[in-house]
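Novice: Model the full structure from these sequences, guided by the hints.
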Amino acid sequence: DSGVTQTPKHLITATGQRVTLRCSPRSGDLSVYWYQQSLDQGLQFLIQYYNGEERAKGNILERFSAQQFPDLHSELNLSSLELGDSALYFCASSARLAEQFFGPGTRLTVL
Amino acid sequence: GIQVEQSPPDLILQEGANSTLRCNFSDSVNNLQWFHQNPWGQLINLFYIPSGTKQNGRLSATTVATERYSLLYISSSQTTDSGVYFCAVEPASGGSNYKLTFGKGTLLTVNP
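Residue numbers (this note's numbering), protein chains in the order written: chain Z, 916 to 1026; chain Y, 129 to 240.
Some hints here could point you the wrong way.
What the hints assert, rightly or not - With the Cβ distance kept under 7 Å, some of the chain Y side facing chain Z (calculated, not the full set):
hint: 1; residue: 170
hint: 2; residue: 171
hint: 3; residue: 232
As the list claims (entries may be wrong) - Residues of chain Y clear of chain Z, computed beta-carbon distances all greater than 12 Å:
hint: 4; residue: 197
hint: 5; residue: 203
hint: 6; residue: 204
hint: 7; residue: 229
Everything labelled a hint here was simulated from the structure, so no lab data went into it.
We treat Cβ as the ideally placed atom computed from N, Cα and C, and that holds for glycine.
Specialist: This is the structure in structure tokens:
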């Protein structure tokens, strides 16, 4: 158990819908990262937050957004979903200048 | 951006055999991590090893940062070692963010 929690574990929805994925980092970790794992793109970095502020963006679509709240949990919002958004979404957390620990992931299926 | 290449892409072993997985990266790194993704999809931290050598039970890893590669050794493999092994790096030129760039992984199958 990495100490990072993600909910829900599985999510099945339809094209055009909007979903929210939730992540709670390890106790004391200020950085939260979101990654997407798909069959064709592999594991890709989406976005990073540090203590509530966006720090870096990767290959995140404009239809996707994220935020980190004062209690340090984070949410990833995916809207206008397409079939190609089906993937495993991971959240990770780290203390500053330290290794990243990954949550169990949310498996999103868009039908 | 930084390139991460892992080899071999696939590896099939008999239980009890040893193996070496390699990760080459194209630029200087601040961080290098090895992960095991089990059949249920969980990413499990194996090593945080930007340089040097570490050992944890039957697993050990070595990173030679000056030559831009890392090796993961698995000894006396067990069926539970099956899964995908990922190398991920944080480039030194990334500024103040710590995003990881992943290789494509090595799919390891250990047969009983």
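Novice: All the hints need checking, so say for each whether the structure fits it.
Specialist: Here is how each hint holds up against the structure:
no.: 1; hint: 170; verdict: holds (6 Å)
no.: 2; hint: 171; verdict: holds (4 Å)
no.: 3; hint: 232; verdict: holds (6 Å)
no.: 4; hint: 197; verdict: holds (19 Å)
no.: 5; hint: 203; verdict: holds (23 Å)
no.: 6; hint: 204; verdict: holds (25 Å)
no.: 7; hint: 229; verdict: violated (7 Å)
The structure does not agree with numbered hint 7 stated previously, though it agrees with all others.
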